[in-house]
Each structure stands twice: as C-alpha cells, then as structure tokens.
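J.: Okay, here's what each chain looks like letter by letter:
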Amino acid sequence: MPAMGASPLMPFQRIELDGVAAAVQEQFGSGISLERGSRGVVLAIHLKEPNVLADLSKALFWDVGCSFGGLIVEEHADRWRLCYLFLARGSGWVEVVLEVPATVQAVPSISAGVHAADWFEREAEDLFGLRFEGHPRLGDFILHDQIWPEGVAPHRKPQRKSVNVHQMQFRRRPNPDWRPLLVVQDPGSFAMPVGPVYEGGIGESLHFMLETVGEDVLRAVPRLFYKFRAVEKIAEGQGVSDVLLLAERFAATSSFAHSLAFSLAVERICSLEVPKRATNLRVLLAELERLRHHAGAITGICESTALAVAASQAAIIEEELLRASCKFAGHRYLFGLNTPGGLRRDFVSRDFETLIGAVDRAIEDLRELEDRLHFTSSFLDRLEDVGVVDPSKARDLNLVGPVGRASGRGHDLRRECPYGGYDSYTFETPREAEGDGYARLRVLFQEAYASAGLIHQSIERMEPGPVVALCESFIPGAALGWAEAPIGAALHWIRLDESGIVERYRAITPSFNNWLGFHAAVEDFAFQDFPIILATFGLSATECDR
Amino acid sequence: MSFWFWHGLKKGVRSTHYPRKFESAAGVSPGRPVATEFDSATEAVLAAANCPVDAIVARGSAAEVKLERCIYCQHCHYGNPHLLEWNSDYEWTMAALGPGKYQPLPGAYHRSLHVMVVDAGDCGACLHEVKQLNNPLYNMHRLGIFLTATPRFADVLLVVGPVSENMRVPLLKTYEAMPTPKRILAVGACAINGGVFGRAFMSAGGAASVLPVDLLVPGDPPPPLAILHALLAVTGRKNPVAQMASLEGNS
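Residue numbers (numbering that gives the first Met the number 0), protein chains in the order written: chain A, 0 to 545; chain B, 0 to 250.
Honestly, the hints are just simulated from the structure, not real lab data.
Straight-line alpha carbon distances no greater than 30 Å define the calculated DSS-like cross-link-like pairs of lysine-lysine that follow:
no.	chain 1	residue 1	chain 2	residue 2
1	A	K326	B	K65
2	A	K326	B	K237
3	B	K20	A	K326
4	A	K232	B	K65
5	B	K10	A	K326
6	B	K100	B	K65
7	B	K9	A	K326
8	B	K100	B	K172
9	A	K47	A	K57
Produce the complete structure using the sequences and hints provided.
T.: See below:
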C-alpha cells in the first residue's frame, strides 16, 4: 500500500487511460483482453481466467490508483457476468468483466485486496447464492438470518418463466434464538443494542450493537437492510417509465440525483441528445437538492449536539428550501421531473427569480449560522476529534461524497467523471484533511455555498429551447449512468431488451459505500459521541438498503 | 453563548397558525389532483390512462381521483394533454374503513397525544416530513402532540413505508407493546398500499396487510400539515374527509 505522504491533500491527478491499459497489459497480458468500452464505460478488461481477478483488481485499486465503483452481477441463461467498476480519475469508468458458465457456483473474492468490495460480495452472495472464495464472512447480510433460511437466492432468475419471485412462498423460519455476532470478549464487557426502532422512530430503521467494556465503546458495526425492498428485483420486467418511478422513490432525500443517473443511463442506451436547456435545468435542480440535503444534514448535526437554537434555525432554512422547491417544481422532494431525454416540464423566468431569491436567503442564513457555530466552543468540543477517519483509511474504504472529502479524498463525479454538462461549470470541491466531525461539517457548509453558485451560473446561461428529446426506439443493451448525489457517487446500470423492458437494473448508492466504511469512525469512542458521529456522517439507510 | 439566545429572539416567532387559521404560505403542500369534468368521456378515459398507478378513474365525462393511490408522479399535472385540476390544500386524511367509521380517541388525549413512528421501509420522504413537524415553523408541541421514544408511552402508531419483510417483526412488536386505546396511522402511499413497491417478496404492500389501520394519510410524501391534520383527526379535533373508494379496492 502506498503511503499517503506528508500532505494528504494531494492535488487532483488525472489517470490516463493509456497508462491503465499499459499497466494491466504488462502485468496480466496473457490472461486478459482489452476493449474500448461503450455506453458510459471507457475501457473494458475481459478476463480469460477467473484466477487473475484478485490480483488485477488489487493492481487497479492500489498501483494504478483507481477508485472502486461497485460490482454488477448479472445472470444470463448460460453464464454469469460479473462486472467490477473502477473509476480512472478524469478519464472515465473502467470495467473488469468476468464471465463464467452458469454451472459455476464460486468465483474468487477480491475483498482481501480491495476492502471496499467487501459488502458488494456479501450482497451478491445473499441475493444470487454465488460464493466468493476467500471471503471471510458471507451470509447474514441482506437476508437476515433470524428470518431467512440459508440457500435462498431471490434475485436469481426462476427456472421456469411462469414462476414469479414476488408470488413465491419462501420457507421463512423466524429464529428467536438468533444473536448478533459479537467480537469483544472480555469479563465485564457487554453490548448495548440500538435499533431497529429507536429515536422515537424518527431515526431510520437500522441496528447497532455498541460493544463496550464500560465507558468506552470499542466497536459498533451497523446491521442494515431492515428496509430492503428489493428495488432491483421489482424493476425486472417493467418498462423504463415504471422503473424511473422506482429509481426516484427508493431514496427520496436524493431522489433527483438518482432519477438523473437513471435517465442518463437510458439516454446512453437510446443515444439521446439532451437539449441544452434541459441540461442546465438538471444542474439547477440537482444543486437545489444538494443545498436542501446539506441544510438538513447540518440541522441533524446541531440536533445531535443538543444546540437547540441552532438546530431550530437550520431546520427553518431546510423547510424554507423545501417550500421553495415545491413552489418552483411542484414537489417538495423534486419528484416527477426527470425523464429519459430531458425534463417533463419547463419553467418561466419568473420561477427562476423567486427561486434565486429563496436560495440567496438560505445562503445568507447559513453563513450567519456558520459564523455563530464557529464561535460556540461547547459545540466545537463535541465535533472536533470525534469520529475520525484518516485519509489513508478513507482511501482504503473508498469513502465517497462529503464524508470522503472531509478525509482528504477528492472524489467528486462532477469533476472526476463529468456528466450532464458539469464540465462547463466552474465550482469548488471543498476538501479537508482532518477527517473528524468538524471537518465534515465544514465540508457541508462549503458545498452548500458552491451549490448556490452553480444554481446562479445555470440560471445565467439559460437559453430558450425545448426541454425534452423524445426517445423513438430502444436499442437493446446495457449502459451505465452516474451522478454525484448529495451523499456521494450514485451509479445506475440497466440492461434493456429490444422492447424497452428492463432485464436487469442495478443501483449502486453512496450510502452503501459509506456505511461500509462507517465502522472506521466508530472505534473506541464515548457513548455520548455516537449520535454525533452518526449525524456528521449523514448517511441514509434507505439509500443503502434499496 | 448568550448570543444564541439573542439570535433566537431576533428571528421572532415563525410558527404557523394552523389549525386556528388556514396556512397559505407557498410550498407548504404540493396540492392534490381533484375530480375534473371533461368535454367528453373519451377525454376522461385518456386522462385516466395518463396515471401509472390507476389513481384516476373515468366515470362518464368526469375523471375521479383515488388520492390514496396517488404517488405524485405529476403525470396529470403537466406534460400531457388531458390534465387534471389541482388544488393546493392539505387536509385529506381519510378513515381507513370508510367515511364515518372512525372512532376518535377520547377527550383526555386532546392536549396530550404521544406518537410513536415506525419506519417500515420508507424512502425517507415521509419520515422527513414527520420530522419537519418538530421544526419551529410547524411546532406540533404547541398542540400537545409529542413524539415518544418508547411504545409504552405511545397512543398513536404512525407507520411509514410499505412494510419491508425485515421490518415486519419489529413493527408488530412495537404495536403489541403499546397500551390501549391506540390508533394506527398509515402515512404516505407506500404505507397505504405499497406505492411503487406494491406487493413484492420483500414488501408486504402497506401497513394494512399487517395491522388494523385506522386513518390513511395519502401523499408521496404527505406534506407536514397533512400529517398534522391526521394527528388532529386522531383525537377528533379535525374530521377525516370522505374517501373515494374503500381500502379493499386497492389490493
């Protein structure tokens, strides 16, 4: 593993595609074949043998310096297709494709080299029954062991076409004796359970075991997927417009970003050219969502430290932004706007004036709030040096979004892999090196200001014109779409058949990525810091669970 | 630290006067589609065909709305020909068993109602809107409504989300731990009939398939004031509105 060096805030370095190709060609020349990628992917590395997979992934992640995007498992009639996504900063997505016959039940695990792949493999094992050889802990992930028996693989295609997983009666055997796995074994040690219903239910459903020996909590690993609704499976066999409704509604606090990533994927499949005005409007709406989300996250942080006045003022800012969104776009969470090809409605200049007024007021109030927070020592004491994720760990666990950026990562898809016209905008991606709760708060404030700047830019360059390009026909195939959601990188991948029916839909969400790394922030901390660490991470369980 | 005190005072009282006065600030509610009269039956049928969740029903030349099914995709609001009229209110809580079939909690609860929220697979929006009720603009404390952290103190169970399989047991346990009398609210399209998730192998298709729901709050998500209206209806301080169709018709 390369050392991070003295300054963790290394400047933005582009990874050239030729360099990636040369590096893997030299090391794995005979075991792989390279191909130009298409539809969102710039380079495809096809593996001839499964046994080079682990080394190749490790080399891409650590030696070449790519970040890990996620794993897409696809079941075809005769074979499994596993696609591992890596991001070559500044150049685009690189996919490593492994195809094995359908009879194969085990593939090598890459988690030992790429720690960020851990949960992706556990997810695939639970849902597809595919074993990852060398993975230390499979099972009891999405399908909780106290409810589901082993050997159920609900995401697999049924043997007969007439069988529908949604009507199947699984042999569920609730096991009242099930106990979570505890690691701390010491006389006097105990575990404090939190969740799945806690904070009066206002907290999202998830579960923690705080393992402690008294005052200090030694570890707290989240147990998620209480909210798993199998969005990817529900989408199968539905039309694009129905799946768009799903993509928009599985994580409402970043619904516009997800519907945008989904629409971008469909546009790549249909080779649709989105009109200029729609591109600008999408930037505006996505940044409005980010601004609102961050105001909400700041409210959460103030609440977690019991700073009542600040929490109330931040909550007012958030509610005012929700109202402004509703007044502008007709929905408080920006539902029903995106469509493949552009937007479903247009706006007039009076709408923009009202919106910009509300945004400016919100920014003014946020600046005032930030000024006061910087001078509230009791508040800063609760945030500083709390829940620290140092830059090397953030890199190791591939943290994305504001959480990653507070730990020195420059990961921002708007800049590293521009989409939807972002390359023509100027904006700052704030970064901090400390990786503590305070750094995460500062990043949230800075990003909120940057979003307001982007909203201004987008309104200034608004040109008259159409807002939607109609999709005439679907060309069967798969494509990747991505967007920088408020919490981080969101990837949506779909495969369509010739009539526009979704064969496989995959949503890789930033919360999934960051929950995986959450345990790094909760090692050896005091009980009262737990809500603060949770709030500064600002993760969403529903976005992770899907 | 005293500057926070001053800061708070300076900002003044921002709370809404609802339910004493109707809140009409822009953006408090996305509104709702309402029954619309068209020129011909064909147009009404076309308007109904716009809706991906069958929330619009053509009856003669009129298009009627089953609001409890509406997922706010806005297909009937813009973009298509044959649009429906929208109004901008937020009082649309319905009795689950039909008009007049709801028994409010007795008077002792009027100014002291404790609410337990269970997130049964919600997308975050409904939960967020419930949370907004605690912010100074809505401030439901002033009406004697409180969120409680334990089911033992709760009078109302507020369910959001389509009831995911992994949350079924925690939801039932919460319900069983609550003392009687108790009332159950299904908040949002997902909690009413599963919404976009419907009935699937991981989604029970709404709270009503697991628990005896008393009141429905349509919306995706219902805005904070619609949820507040429902909480006031629990104790009879407001009345549920008439419903377009019975819940049985949804499943």
